[in-house]
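K.L.:
Letter by letter, the chains look like this.
Number of protein chains: 2
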Amino acid sequence: MTAPHGRTGTPTDATPGDTVAKVVRQWRAVHPDLDTGPMEIIGRINRCAALLQQAEDAPLRRAGLSRPEFDLLGALRRTGHELTPGELARETFSSGAAVTKRLKQLTERGLVERRGDTRDRRVAHVRLTDAGRALVDGVLPGQLAYETAVLSGLDASDQGELAALLGRLLARLEGRPGVPG
Amino acid sequence: MTAPHGRTGTPTDATPGDTVAKVVRQWRAVHPDLDTGPMEIIGRINRCAALLQQAEDAPLRRAGLSRPEFDLLGALRRTGHELTPGELARETFSSGAAVTKRLKQLTERGLVERRGDTRDRRVAHVRLTDAGRALVDGVLPGQLAYETAVLSGLDASDQGELAALLGRLLARLEGRPGVPG
DNA sequence: GACATTTCTTTCACGTGTAAAACACTTGCT
DNA sequence: AGCAAGTGTTTTACACGTGAAAGAAATGTC
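Chains as they are written, first to last, in full-length UniProt numbering: chain A, 1 to 181; chain B, 1 to 181.
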């Protein structure tokens, strides 16, 4: 996996590169026997995710939302229809308990409305209020603009390549719910 | 910024693909005006990170560690020398307060030892105990093996490409002026 | 028609992270 | 020396997520 591609800086060597490269170098120095190859990818995915979230959280705070709250509102916005708390939990990959708490707050703030199912009185149906929809639609373009800016370091074909490679990795991760033994 | 083009099945169409592809399709249906291209990358990075962490947390729990605890021990292990709480905070990208709490627990469990600086009595120096080092060294290979397995869906050159692309993205996120080229 | 089972949601107790303040000590200034 | 400002670490108050149990209602079974 060591691909000596000229000047785009494959960080397998002593170049400072990014934070992850440094960490990998440290591990290799201490454990020369271990294959640290995977770290170059997975360490970077984790670090990118952390930095991206940190950067995108600031505008959300300004709009008075936490990221989990935005994800919940976003799920309602993009599906276009009402969702039950359970569906929201699945859609946002969070626990039912967390969704319950968020819904309480979002309802109090008037961003979301609840309605009981007439047939099955266990389930609730949640929908965006006008204010909720406006809030999501107001914040989303800024988020995308930031993402576009960050990605502008990569040209269109690099972006396509990256999306495709990540897609393959993700497909594998989502296809195998099993954990390592 | 145009949507990514690619020959390897760009998920810009109606292919189910992964979870992210579905979400992007939903957004496009509701907001046809917005450029959803960045989501294909950033959404996948976030989702991959979440799934990877979830998968790798299970073995850690079995070893009695949370991920932040493992990161702290790992920082001590890979640097090979003592670190102060402040350095540990920077190294693990977490707050000083969080490090203080973790150190308290890890010290009680005998995985870490503290020593006061003789010159500057504000600072403490933290080092791994033998048990702590053994714990890290016992867990690490399993983590790497899992990562290797997950990445085995990509051949060596794909992995190199992915690492390089993520490196460029990360460099930008970390505030580097684009990698020399 | 009552009873166990399943499904959907909420509540509870608890652990953990955070920001801000407090603390402890050092350094620089006059 | 004395004191303000700076630095490293811990404490405090609080918000949030989680798993487990509880609660509430539907469904299946005999």
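Hints in this document: simulated from the structure, not taken from any laboratory.
Among the hints, a few may not be true.
Since the list gives no way to pick out one identical chain from another, each pair is judged satisfied if it fits inside one copy or across any two copies.
Lysine to any residue pairs mimicking SDA-like chemistry, simulated, CA-CA at most 20 Å apart [unchecked claim]:
#1 K22 with S94
#2 K101 with G86
#3 K22 with A98
#4 K22 with R114
#5 K104 with R90
#6 K101 with D155
#7 K22 with L140
#8 K101 with A149
#9 K101 with R61
#10 K101 with Q26
#11 K22 with E113
#12 K22 with G64
#13 K22 with L60
#14 K22 with D57
#15 K104 with Q143
#16 K22 with D71
#17 K22 with T84
#18 K22 with G86
#19 K101 with R119
#20 K104 with V30
#21 K101 with E87
#22 K22 with T92
#23 K104 with G138
#24 K22 with D35
#25 K101 with A55
#26 K101 with Q54
K.L.:
Each hint should be assessed against the structure and marked as holding or not.
P.N.:
Hint check results:
1. K22 with S94: between (33 Å within a copy, 18 Å between copies)
2. K101 with G86: within (13 Å within a copy, 34 Å between copies)
3. K22 with A98: Neither: 37 Å inside a copy, 23 Å across copies.
4. K22 with R114: Cα proximity of K22 and R114: none, with 50 Å in one copy and 25 Å across.
5. K104 with R90: within (18 Å within a copy, 36 Å between copies)
6. K101 with D155: neither (42 Å within a copy, 44 Å between copies)
7. K22 with L140: between (34 Å within a copy, 17 Å between copies)
8. K101 with A149: For K101 and A149, the Cα distance exceeds 20 Å both inside one copy (34 Å) and across copies (37 Å).
9. K101 with R61: within (18 Å within a copy, 26 Å between copies)
10. K101 with Q26: For K101 and Q26, the Cα distance exceeds 20 Å both inside one copy (42 Å) and across copies (25 Å).
11. K22 with E113: neither (49 Å within a copy, 25 Å between copies)
12. K22 with G64: neither (36 Å within a copy, 27 Å between copies)
13. K22 with L60: Neither: 31 Å inside a chain and 23 Å across chains, both beyond 20 Å.
14. K22 with D57: neither (26 Å within a copy, 23 Å between copies)
15. K104 with Q143: Neither, since 25 Å and 38 Å both go past 20 Å.
16. K22 with D71: between (33 Å within a copy, 15 Å between copies)
17. K22 with T84: So K22 and T84 pass the 20 Å test across copies only (19 Å; inside, 46 Å).
18. K22 with G86: between (42 Å within a copy, 19 Å between copies)
19. K101 with R119: neither (24 Å within a copy, 49 Å between copies)
20. K104 with V30: neither (50 Å within a copy, 26 Å between copies)
21. K101 with E87: within (15 Å within a copy, 36 Å between copies)
22. K22 with T92: between (33 Å within a copy, 13 Å between copies)
23. K104 with G138: neither (22 Å within a copy, 44 Å between copies)
24. K22 with D35: Within one copy, since 15 Å is at most 20 Å while 35 Å is not.
25. K101 with A55: neither (25 Å within a copy, 26 Å between copies)
26. K101 with Q54: neither (23 Å within a copy, 22 Å between copies)
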